Structures are given as C-alpha cells and as structure tokens.
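Trainee: Protein sequence lines correspond, in order, to chains A and B.
Position 10 of the first sequence, counted from 1, bears residue number 10 in the numbering used here, the numbering being contiguous throughout.
Numbers given in the numbering used here equal positions in the second sequence, counted from 1, plus 284.
Sample of chain A residues lacking proximity to chain B, with all beta carbon distances greater than 10 Å (derived):
1. Leu29
2. Pro41
3. Pro60
4. Leu67
5. Leu101
6. Leu107
7. Phe114
8. Thr127
9. Gly129
10. Asn132
11. Tyr160
12. Lys233
13. Leu262
What the simulated footprint calls covered on chain B by chain A, stretch by stretch (three residues with Cβ under 8 Å from a Cβ of chain A suffice, anywhere in the stretch; the number is not a length):
14. 354 to 364
15. 378 to 387
16. 390 to 403
Hints are computed from structural coordinates only; laboratory data are not their basis.
Keep in mind it's a predicted model, so treat the numbers as computed, not measured.
Don't be surprised by glycine CBs; every beta carbon is placed ideally from N, CA and C.
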Amino acid sequence: MRQDPRAQGLTLISPTLFYLGVFMLFPLLLVVALSFMTRGPYGNVVYRINLDNYARLIDPLYLRILLYSLRVAFATTVFTIVIGFPLAYYIARVPVRQRNLLLFLILVPFWTNFIIRIYAWIMILRTEGLLNTLLLNLGIIQVPLDILYSPTAVLIGMVYEFLPFMVLPLYTSLEKIEMAQLEAAADLGAPPWRAFLRITLPLSVPGMIAGSILVFIPAMGMFVVPDLMGGAKTVLVGNLIRNQFLTARDWPFGAAASMLLLTLTLVVTLVYTRRAGFGEELLV
Amino acid sequence: MSLPAVELRDVVKVFPNPDGGVVNAVNHVSLQIQNGEFFSLLGPSGCGKTTSLRMIAGFEWPTSGEILIKGEVMGHTPPFHRPANTVFQSYALFQHMTIAQNVAFGLEMEHLPKSEIELRVEQALAMVQLTMMDLRKPKQLSGGQQQRVALARALVKRPAVLLLDEPLGALDLKLRKEMQLELKALQEQVGITFVYVTHDQGEALTMSDRIAVMNRGQILQIGSPVEIYERPNCRFVADFIGETNFLAGMVIGLDGEHAVVQPDGLGITVLGLAQGDLKPGQRVVISARPEKIRLEQAPELKVGDAHSHKNIFPVRVINTAYVGSDTRIIAILGLEHRLIIWEQNNKSILDPTEFYAQGDETFLYIPPENALVLAED
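Taking the hints into account, I'd like the entire structure generated from these sequences.
Mentor: Below is the structure:
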C-alpha cells in the first residue's frame with residue numbers, strides 16, 4: 001500500500017502541531033482578539049471591534065515607557081555578557097570535575113523562589129542593608145548609598161536574574177573550542193591575546209547570540225524586579241501590562257500593549273540575529 | 285658540517301599522574317636531526333613520540349635537558365616565537381575562517397604587507413593543489429583536502445622545521461598511501477626539515493631518511509629504514525618493524541661476527557649473526573624474518589655447500605595461505621614452536637600439488653646471515 005508522502009508527513013508532525021496550536025497559537029489569538037475589544041464600565045470586556053486601544057498607545061507617556069524598557073533590556077543584555085563571559089570562560093577551562101560543580105552552582109539559585117531572591121537583594125541594597133553597613137564600617141563611604149528603589153537597583157536585579165541564561169549558552173560555545181585550535185594559533189605566531197581575539201571570541205559568537213536572545217526577550221517583559229526594587233519611579237512595559245490586567249482591569253488595553261511588546265521584541269530580535277549572522281554556518 | 289636543524293640533549297619529561305604518581309613520558313632522549321632531513325619518530329602509542337614533538341613545538345617544556353632549533357637553545361620560548369610549525373593530527377583548522385584566511389593567519393601574525401600575504405597564500409595553495417578552494421570553509425572540504433590545507437598553513441610560514449603529528453592517521457588506506465608519496469615529494473621540493481611522528485611502521489619506512497624507534501619514553505635505535513629493518517638492535521625493534529620469528533635461547537659459542545645459539549628445548553644449535561657484544565652463556569633471541577628463511581625438500585643435495593651443513597631443521601607444515609605474491613606457511617619446529625615462512629611465488633604454477641600442504645614433513649633452512657642474534661631485553 002502506498003501513501004501520499006504529504007499525508008504521511010502531516011501525520012508525523014500532528015502532535016507538534018496540536019501542541020503549538022493549543023498552547024501557543026490559541027492563547028495568542030485570544031490576546032489579539034481581545035486587543036480590538038473595549039473595556040466595559042465594570043472592568044468587563046465589551047465585544048465591540050475598534051482600534052481605540054492602539055490609538056491610546058501612541059500617547060508619548062506610553063512610548064517613553066516602551067523606549068525605557070528597551071534601554072533596560074539592552075543594558076541587562078550587555079551587562080550579562082560583560083559579567084558572564086569571563087565566568088563562562090573560566091568554567092570552560094577548569095578540569096571537568098570542577099566544571100560540573102561550577103555549572104551546578106550556577107543553577108542552584110533556581111531552587112529558591114525568584115521573589116525570595118529579590119527580597120534578599122533588597123536586604124543587601126537598602127539604606128541600612130548589608131552593602132551600606134559594610135562600606136560604612138570599612139570607612140569607604142560616610143553617607144549610606146541610596147541604591148534601592150532606583151534604576152540602578154532594577155538593573156542589578158535584572159542582571160542577577162538573567163545571568164545564568166547568558167552563562168550557559170556562552171559556556172557551551174567556549175567549551176566546544178578545541179585546545180588544538182588555540183595551539184595552532186600559537187604555533188602560527190599568535191600571542192595569547194591575539195589568539196583570543198581571532199579564535200576564541202569569534203567562535204563564542206553563537207553562544208553570545210543565543211544568550212542575548214534568552215536574556216533580552218524575558219527582560220523586555222519583566223515586571224517583578226521593577227515592582228520590588230524600582231519603587232514607584234520605575235515603570236517598564238511589563239508593569240504597564242500587569243497593571244492594566246490586574247489593577248485597572250482594562251484587559252483590552254493590556255492586550256494591545258502586549259501586542260506592541262510582542263511586535264517590538266520580534267523586530268529587535270530579528271534585526272539582531274540577521275546582523276549577527278544567526279542561522280549561518282556559525283552555529284555548527 | 286652545519287648545525288643540526290633540531291637537537292635534543294638528554295631530554296626528560298615527567299607528567300603528574302591523576303592518582304598522585306608521575307609518568308616518565310620521555311626518558312633521557314638525545315638525538316640530532318640534520319637540515320633537510322625527513323626524520324620519523326616511530327613507536328607504539330604512549331612511547332613518548334608525540335610528547336617529544338610537542339616539546340620541539342613549544343607546547344610542553346622539558347622537565348630537564350635542552351632542545352635546540354638551528355643551534356639555538358629553546359628553553360621556555362613560547363610556540364609563537366619558535367621557527368617551527370606543526371601539522372596537527374586533527375588538522376585544527378579554524379572553522380570560522382575560509383581556506384585562504386586559514387593559510388594567511390600565520391603571515392598576518394608576522395605583520396607582512398597585504399600584497400605579500402596574498403601572493404604567498406596563492407603559492408601555498410597552488411603547492412598543495414587547492415587553488416580553487418580558497419573561499420571555502422574547512423567543513424566543506426574532504427579529509428584529504430583539509431589535510432593539505434593544514435600542510436599549506438604551516439609551510440607558508442617557511443619554518444626551519446615542520447613538525448607532523450600523525451598527519452595521515454585520519455585518512456583511509458588508499459588516500460594515505462597516495463599522501464605518503466606526495467608528502468615525501470613535497471618535502472624534497474621545499475627542502476624543509478620534516479619531523480614526522482607515526483605509529484605506522486610502513487609509513488615510516490616509505491618516507492623517512494632516518495627513523496628513531498621509541499618505546500617507553502626511550503629511543504631504542506636510530507637509523508635508515510634499511511638499517512632498522514635489516515639490522516634491528518633489539519627484540520622490540522625487530523618485533524615492531526615488519527614481521528619476524530623469534531627463537532629464545534643461550535649463546536654457546538662465538539666465532540667472529542657469528543654466534544652459535546642453543547634454542548630452548550629444541551635440541552638443536554643455530555648459527556646466526558651476532559648483534560652487539562655477546563658473551564657465551566648469555567640469554568638471547570634469534571630473529572629471522574619470514575621472507576628470509578625457506579623450506580627445502582631435499583637437504584642432502586646441499587651437502588658440500590659451505591653453509592648447508594648448519595641451520596637445516598626438520599619441520600612440519602600445519603597451515604598455508606596463498607596470498608598472490610607469496611604463500612604464507614606456518615610450520616612447527618620441534619614439538620610446538622611455530623614459525624612463519626613467506627615463500628615468494630616467482631614461478632607461474634597452477635598445479636596445487638606443487639604447493640606445501642598441511643601435514644607435509646620438510647626441512648627449514650635459515651641462512652646464518654638472516655638469523656640475527658639479539659641480546660634479550
């Protein structure tokens with residue numbers, strides 16, 4: 001019995017299609033539909049199709065929030081690379097047994113609830129906190145630093161939260177570089193720093209791209225860290241959406257803001273991966 | 285005589301062991317490699333040949349002893365300051381660069397002008413017949429082509445010494461044989477000293493001007509392929525290079541360059557060529573290569589011949605294998621001593637009864653000059 005190969009292929013991918021349909025496409029379509037509705041007087045959804053929500057979003061206030069979110073997510077990505085690269089490089093170079101221990105330590109924070117870890121940071125950063133006490137006692141500063149409830153605190157919290165997502169893919173790239181490649185570079189006349197620039201750095205680009213995507217996308221939607229560490233001063237697009245759904249009970253406007261975030265994130269990621277050459281033979 | 289290209293003076297390399305001990309990877313090795321020579325380090329894995337090569341390249345430093353390149357003491361000179369380049373076993377090509385960029389890398393490190401780099405890269409790629417491949421990435425090339433790129437990348441630097449670490453190990457047999465001849469021709473063409481590490485004795489014999497046979501961190505013998513094969517100086521070398529038959533025994537008499545040996549438990553005496561200083565009563569092994577001994581059906585006809593009264597022994601054939609160019613015969617000497625004999629098929633014979641068969645009783649002749657008497661290791 002011969003079967004149509006197309007039908008056969010469709011049968012084979014049907015579980016995947018089902019999964020993607022139910023858990024990704026359907027909720028997404030709900031949000032899209034919602035974004036064209038109107039809020040009723042009691043926070044309910046009125047099924048009247050219009051573009052009012054999107055018109056409201058053009059307000060400079062919201063655009064400023066969006067732009068600020070972009071900047072924070074970008075800064076988070078840059079700092080996770082700057083801190084994560086030496087860390088990943090070190091882990092990739094130690095003997096295998098220590099390597100596994102260090103990777104394990106990178107993952108240990110995930111065992112504790114994220115909120116609790118953020119409160120731990122609040123304990124460290126607040127005016128009478130660990131950091132200020134230490135610096136005051138050492139005589140490095142005379143007046144306590146006002147770090148908590150500032151954009152700096154938000155950045156610290158974000159970088160802390162997303163660092164493992166940068167370290168792990170970077171480690172994978174760095175660990176794949178054979179010792180022989182660096183020996184060959186040295187053999188051909190490259191001192192260590194030139195070998196690093198010409199061999200190690202280019203070969204770690206795939207990990208850097210993967211890590212940037214893993215950090216940038218969730219950083220764009222983050223609202224817990226600005227809520228707890230940024231005080232009322234720092235509002236990111238994540239907070240805006242959260243507030244619309246939970247506080248203002250304006251679901252349609254929240255959905256429209258979500259669509260804007262989704263589109264923006266997609267565009268930035270696409271442009272970035274295109275320019276960095278994602279998907280080419282870099283990822284071999 | 286000019287300075288040797290490479291010299292090792294009493295070099296020792298000790299590695300720490302994971303379980304706390306130490307490994308003597310290289311144990312008091314001294315050798316001189318002449319300019320323009322194709323020199324092979326041959327031995328089984330773990331014999332210290334690769335460690336020796338890595339010390340010449342500068343990836344490892346000797347625990348004691350000295351390495352000189354062109355008469356200059358290397359000491360702790362890093363690899364990027366040594367006039368030696370390496371062709372790695374894994375090739376170690378830079379995957380993110382094109383073939384031309386790979387070859388240009390070493391010249392860029394020398395800060396040469398762009399025009400000169402381009403010219404030399406072109407020449408190097410032409411030398412290994414890869415001119416059309418310059419814009420491809422290493423992954424797009426076959427194993428043999430990648431091997432040539434590794435060669436071009438190292439040779440383009442015009443090193444005083446080219447170090448090759450089992451460069452043909454990853455290629456299939458046919459390609460390996462082709463590349464052996466090509467490498468040898470290339471070496472003669474460029475005139476650069478090659479130091480070649482291999483565990484393949486056939487490869488070493490085919491290409492080398494001289495071979496150093498290594499085992500357990502030491503050099504056992506240095507010589508031309510002919511010397512190494514025809515006059516091995518110990519049991520290990522005789523065994524490692526080619527095939528041979530061993531008869532263990534004791535020296536019972538010496539006569540000039542000849543020794544009379546009584547093999548254990550056979551009740552015979554064998555006349556052989558003494559290798560090195562031997563004393564009566566000393567334990568020795570006789571090494572006789574299978575193509576250098578032969579079966580004789582009627583030894584009485586040989587009476588009167590200068591050598592024939594000695595070294596003729598009754599044997600029984602237990603197995604034969606016809607392999608085209610020769611027939612490989614396994615025969616038993618005495619009660620159970622197995623010997624291999626290769627009889628060349630230099631006559632065109634179709635009649636199977638003309639060949640030895642299982643159970644044939646016949647005689648083995650070992651020409652005394654083909655029975656090397658070696659001190660027991």
